[in-house]
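K.L.:
Here's the letter readout for the chains.
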Amino acid sequence: MEKEEVKKIIYELVEASTGKKKLKQSDILKKVSADHGIEKDEVKAALRDLVDAGTLIFTYFGGSFIEIPPK
Amino acid sequence: MSKKHDTPLLDELEKGPFPSFVTEMKMAAKHSDMSNDLLGHTELCYKERVTHWKHGGIVGVRGYGGGVIGRYSDIPDKFPGVAHFHTVRVNCPSGFYYTSAALKEMCDLWDQYGSGMTNVHGSTGDLVFLGTKTEHLEPFFAEISSRGWDLGGSGSALRTPSCCLGKSRCEWANIDTMAITNDITQHYQDEMHRPAFPYKFKFKIAGCPVDCIASIARADMSIIGTWKGPIRINQDEVQNYAKKMNIQAEIIDMCPTGCMAFDGKSMKIDNANCNRCMHCIAKMTKALRPGTEQGATLLLGSKAPIVTGALMSWVIVPFIKMEPPYEEFYDLIDKIWEWWDEHGKNRERIGELIERLSFPRFLKDVGLDPHPAMVKEPRRDPFFFWDESDIEK
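Going down the list, the sequences are from chains A and B.
By the working numbering, the letter at position 4 of the first sequence is numbered 4, and the numbering carries on one by one without gaps.
By the working numbering, the letter at position 155 of the second sequence is numbered 155, and the numbering carries on one by one without gaps.
Mixed in with the good hints, there may be bad ones.
Unchecked claim - Below, in silico cross-link-like pairs of lysine-lysine (DSBU-like), each with a Cα-Cα straight-line distance of 30 Å or less: (1) B:Lys-167 with B:Lys-283; (2) A:Lys-20 with A:Lys-71; (3) B:Lys-3 with B:Lys-78; (4) B:Lys-104 with B:Lys-133; (5) B:Lys-364 with A:Lys-44; (6) B:Lys-335 with A:Lys-7; (7) B:Lys-376 with B:Lys-345; (8) A:Lys-22 with B:Lys-54; (9) A:Lys-31 with B:Lys-364; (10) A:Lys-44 with A:Lys-21; (11) B:Lys-54 with B:Lys-30; (12) A:Lys-40 with A:Lys-8; (13) A:Lys-21 with B:Lys-54; (14) B:Lys-364 with B:Lys-335; (15) B:Lys-54 with B:Lys-133; (16) B:Lys-345 with A:Lys-30; (17) B:Lys-3 with A:Lys-21; (18) B:Lys-345 with A:Lys-44; (19) B:Lys-3 with B:Lys-15; (20) A:Lys-22 with B:Lys-15; (21) B:Lys-345 with A:Lys-7; (22) A:Lys-20 with B:Lys-54; (23) A:Lys-22 with B:Lys-335; (24) A:Lys-24 with B:Lys-15; (25) B:Lys-376 with B:Lys-283; (26) B:Lys-133 with A:Lys-22; (27) B:Lys-4 with A:Lys-24.
I should point out that these hints are in silico values taken from the structure, not numbers from a laboratory.
None of these values were measured; they are calculated from a predicted model.
Starting from the given sequences, assemble the full structure and let the hints guide the process.
P.N.:
What follows is the structure, encoded as structure tokens:
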């Protein structure tokens, strides 16, 4: 699967979880990898791109999570 | 800058013979409004016996998930100088060696972008820069990274590895602690800057069992230098020590395994029963030396009491050669982290997970063989594996 497509899947997963459940990086790796049959390393690389671009950010609320930055 | 707040409670902490952080805060307050308000804010916290800090949130530098600890005052109107008071952790060099020019440069930068106050070093080992505003984080990070510094770990990540001085100044170091620390830091950059664990994970590397950095109590993984083979004895020096100390009382009787003997002339050690505590070597440095085959013992699981009570690390690998490229070591770490990732709950340290699922289960899943050195205390040994198939038999 193309990296851009993986990034889209990750973003949509985080977006769908917003306000419901905070996702850790490992939650995202496991879920996307299991649902789409993608290697965890590939998911990790796509996630890293999203974080580097500021599309997703790390937050800390008694643990580190991945979230969409506030507008 | 004039004094803004009366601090009768904090003033009490300046009395007595010891250095006081209040004195340092007052010095910083002379040229920093942030530090000035910090004095008033801290005084109020003490007076009301409640913290007015909020912790965490959405703060950091782009691309990084750690290194910045968000801190806000819940009474910003009263103390606008500390409305934001974020902490920045900067990765320390192995062994904490700096040039004075480098430290001065960092302090000058912090005067420019932060409160001017530092904590060198924090418990984790980082250079801790206390108090800055959100808008100053990126410029400060750009300044330090352009000078070769990097942020340390925070949150659910690998924390900045730290070590004792090792072979740079200590002839008793059995491993090159500084080289190992640097290698781990470089190898696990991603794990340090992009939090992916259930909770924090710390490495501390001690050169010998004296464990000057108390890694056995302060690190999820303690790497402690040790040796194989007999302790080397110089009997002439033993004789010299006999003239100035009571070897029987101070050494022989204090050996935890009772494996030593001294007949007034020569010393004997039953090396098979030595547990390498290093008490004798540390007390008789000229007479005794560690064996020549050197490596490390790996211990896992210690932590301070945050979510649950404190734990000490216990042995998982009695002896491993810690030499570049450390392949065996990294393979094991990756297996341990995978197991922790698979079974750990949010904010559960690796030691707590082992306590919950059992040490035998950990050994089996990670692929380590039980060894007598792993017995932590009576009835806490790893040798009883009762599988369902055993019960059926």
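K.L.:
All hints are to be evaluated individually against the structure, with a verdict given for each.
P.N.:
Consistency of the hints with the structure:
no.	hint	in the structure
1	B:Lys-167 with B:Lys-283	19 Å, holds
2	A:Lys-20 with A:Lys-71	18 Å, holds
3	B:Lys-3 with B:Lys-78	15 Å, holds
4	B:Lys-104 with B:Lys-133	21 Å, holds
5	B:Lys-364 with A:Lys-44	28 Å, holds
6	B:Lys-335 with A:Lys-7	27 Å, holds
7	B:Lys-376 with B:Lys-345	24 Å, holds
8	A:Lys-22 with B:Lys-54	19 Å, holds
9	A:Lys-31 with B:Lys-364	26 Å, holds
10	A:Lys-44 with A:Lys-21	20 Å, holds
11	B:Lys-54 with B:Lys-30	26 Å, holds
12	A:Lys-40 with A:Lys-8	15 Å, holds
13	A:Lys-21 with B:Lys-54	21 Å, holds
14	B:Lys-364 with B:Lys-335	11 Å, holds
15	B:Lys-54 with B:Lys-133	14 Å, holds
16	B:Lys-345 with A:Lys-30	14 Å, holds
17	B:Lys-3 with A:Lys-21	46 Å, violated
18	B:Lys-345 with A:Lys-44	20 Å, holds
19	B:Lys-3 with B:Lys-15	19 Å, holds
20	A:Lys-22 with B:Lys-15	47 Å, violated
21	B:Lys-345 with A:Lys-7	26 Å, holds
22	A:Lys-20 with B:Lys-54	23 Å, holds
23	A:Lys-22 with B:Lys-335	26 Å, holds
24	A:Lys-24 with B:Lys-15	46 Å, violated
25	B:Lys-376 with B:Lys-283	26 Å, holds
26	B:Lys-133 with A:Lys-22	26 Å, holds
27	B:Lys-4 with A:Lys-24	43 Å, violated
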